[in-house]
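Chains A and B supply the protein sequences, listed in that same order.
Take the first sequence: its letter number 92 is residue 92 in this note's numbering, and every next letter is one higher.
Take the second sequence: its letter number 495 is residue 1495 in this note's numbering, and every next letter is one higher.
Calculated directly from the structure, the hints in this document are not laboratory data.
Computed from a prediction, not measured in an experiment: that's the story for all the values here.
Where hints are given, some of them may not hold.
Below, in silico cross-link-like pairs of lysine-lysine (BS3-like), each with a Cα-Cα straight-line distance of 25 Å or less [what the hints assert, rightly or not]: (1) Lys495(A) <-> Lys480(A); (2) Lys195(A) <-> Lys1351(B); (3) Lys1351(B) <-> Lys495(A).
Now for the letters of each chain:
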Amino acid sequence: MTLAETPMQRERAETIYEKSKPGRRAAALPEAEVPTQPLEELIPANLLRSEPPALPEVAEPEIVRHYNRLSRRNFDLDTGFYPLGSCTMKHNPRLNERVAALPGHARLHPAQDPRRAQGALELMWLLQSSLAEICGLPHVSLQPSAGSHGELAGLLLTRAFHADRGETRSKVLAPDTSHGTNPASVTMAGYEAVKVATNERGGVEMDDLRAKIAEDPDQVACLMLTNPNTLGLFDENIEEIAALIHAAGGTLYYDGANLNAVMGHSRPGDMGFDIVHVNLHKSFSQPHGGGGPGAGPIAVSDRIEPFLPRPQVVRREGENGHGPFFDLDLERPKSIGRLRGFQGNFGVFVRSYAYILSLGADGLAEASETAVLNANYLKARLAEGRAGKRLPVAFDRHCMHEFVLSGKPMKKELGIATLDLAKRLLDFGFHPPTVYFPLLVEEALMVEPTETETKESLDAFADAVEQILAEAESSPELAKRAPYTTPVRRLDEVKATRRPVVRQPL
Amino acid sequence: MPCSGRPNTASCWKTGRATPPSGFRSLLPVTRYTSATDADRAEMLAAIGVESGADLFAQIPEPLRLGRPLELPDGMPEAEVYERLAELAGRNADAEREVCFVGAGMYDHYVPAIVDAIVQRSEFLTPYTPYQPEISQGGLQVMFEFQTAMSELTGLPVSGAGLYEGPSSVASAGYLAIGATKRRRFVVSRGLHPHSRETLATYAEGFGAELAEVGLADGLTDAAALAEAVDEETAAVFLQSPNFLGAVEDVEALGEAAKRHGALLVVACDPMTLGVLRPPGELGADIALGEGQPLGNRLDFGGPSFGFFCATEEHIRRMPGRIAGETDDVDGRRGFVLALQTREQHIRREKATNNICTAQALNALAAMVHLAWLGRRGYRELGELLVQRTAYARQRLAAVDGVELLHTAPVAREFALRLDAPVGPVLERCAERGIAAGYPLGRDYPEHEDGLLVAITERRSRAQIDQLAEALAAAIAEHPSRGSLFADRAKKEPRVGGRAR
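Could you build the full structure based on these sequences and the hints that come with them?
This is the structure:
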């Protein structure tokens, strides 16, 4: 297929540095207002910079235009369907941006005396309490900055918990379907990662789990699970799994990436988990920002609580007729310590708390219901027609909030890989599902529509997949060379790794 | 599924139907961010081939179903949520209401309006990590531009796209150093931010490393003690310049001990000072990193912001987190992708160089727009402005009766004082005058219980500095214990700056 270049394709990507001309500027800074002295009299000359760094020299109108034009080279959730599995691309309410930007939040210094930051600390305490209720675990630390940071926290908590009992354990178990962050966090926390197999129903293979524990029960520190798992399936054996791990003396860790399936319906604490992280940027509507920021608070059981990071936001009863007082508790003798500076990603907390207030108990449960309904409906639509034959669902049962298809028959019969299908979807105006994950499904496509989408969007996506499969029957080349309409076409990723160019030469 | 919560008394505004399909709660009034009407839900259930929504949740074993509403308040209309959050925000003394001289790692800089306008664009605000580069060129190019800027600022050739924030970036440098040197010992200056030292220690409990701390002498890292502390087992030496007490360290001289023993030199720095101060890359740093908040990011009570992380070429394949790289598309067009992904968790799993996924992309974008707005000259001028106003403030405050310099080392934008009255009450008196006078050093340095750390930004005018001087003078003079703290020694003449005059 030959297509005329689109205007955006014709435009060569130029960085802001290439738009720079000596003498242009945007910022006008205040006068010094004070008697000035030569810099060398204030700071020794050998510690001073000779030449300022080569930042671009561009006037404000061109900066605005440059970044606005760049923004148009992005696909985003506000523009279209984004069924990226495991990422929970749900609507980001604009209200949340407005309340996060209030000066009382946005310009509050993190070292402010707690007595003069009572609103912020109360908000954090309220969010902690809300997350504790949603997770079914009594204690929450908001400190971790992301899900992966929560995982690391959970493993360090596990280490401290065992050390406190005079134990040293070396192994952390996780299913072969787990997120890549799980084993990466395990290594960072100084443990050895042990893989557990998946059974024919998509859950943990119980015999394998028993065997892995039995190998050396005293060395099992923790089992990390996602439930529903990355196949979008609720593990029906979770109570037995919890009993097995607890009997061996290990902790049970809940990767909260998929919490959006069960809010108000089932709680990790009730399933037997000791430690849970919550991705506020997934279930609780913090915008993903093109790759952050997010936040990964953790909820824990009583036996883990003494080890929580410090500082911890606490509510102290008022004295002498005063109301309650919210404080930062630094006196935590068994704490694992800090995981980062100050108190955490407060701006994210404001947005997520606004989301919880907006939806309330019923709204959160309805969000999960609709997420599950949408996923099952889209799964049903993709079980029809060509998709049903070429892209079978990996585990054929009702899913929760997401499901995984296998492109193996499509690849074999039509000669197009999952990657080709994904790239062709770009031409239809959709963000593709997560591809090639989880690893145990060949040519995997992981689809998570979220509660945000209308039935019409889901139908349009299913229709697009059908059309791509239909065209591939006669001209598979179409998909293999896709995309055609995007600002750039398929990119050479190998080159970017073999000979990395990671900055503009100036 | 349990259809709990509100009784289904009201008819639904979306459909006019009073009864939702089996297993679903009434849509009123909880559906602000979902679209499925009762009719949609009925059709979708039919397509799935189940009678009730409850059938979909049947995979959750019965004892694990909650069976009651969450104990959370009912949902609220937007206007009421706004009022509630505004009420909470109103109980914080923010930098709009107080003149803020507090720094300690995060600073009240002016964030230009274009930063807000650009970071609030949907196209930057709402995408995920750029896993599909063909439709993520905007974000990827911003990362590439950001990496270029941070590389220029720090004087090191390789920059990552952004980490969580400052102190955890320090910890990630420790993890890198262990991988690079196969050693497990860190030597850490007491001038490194206390949160960074503590975070590094927290992480080190996990990956296994020991820490040795080197103290300060007159505000600066004790060079002799450092030289003695570094040995053949040392993986990395951690310095900060300006350090937590505001002092500009002689990084090059201190770093020699690291070089001599083959340890990495890790330097934390303040990105607002690098227009004036010699960049770590010229001073022998293997890694330069820090808290990015001063660049284009709000205070936000501590986050979100970003950490920057730059290194020499030899560490490029050990870097933590995302890195954007330049490449070509099939037609030869210039484009950008996530480079060197084989370092990362989603490919390498337990062998990844770090577990981090985020790039704090939106925060890094804010920094990039701020840096472009400042430009080459503006960035330099801002650095000079900070140094000049800081010099003025330091002299002005040190001249106050009952105030002396905690150290006489050169400073750039923050300095430490000693007060001849307890710091807590003095801060309270200043707050009554609408001034957040600084950071009480006693929080982290018991040896400086009488210490106050004062930070200057371009927002702090000469008039405000003079007001601070008056407020401090009054607060100290009024305090009953005034005079007792300095009684044991004669008041020193303040000597400010790097060379004798």
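Here is how each hint holds up against the structure:
For a cut-off of 25 Å, the pair hint linking Lys495(A) to Lys480(A) stands: about 19 Å separates their Cα positions. Of the pairs offered as hints, the one joining Lys195(A) and Lys1351(B) holds, with about 14 Å between alpha carbons and a cut-off of 25 Å not exceeded. For the hint linking Lys1351(B) to Lys495(A), the alpha-carbon distance of about 22 Å falls within 25 Å, and the restraint holds.
Of the numbered hints listed earlier, not one is contradicted by the structure.
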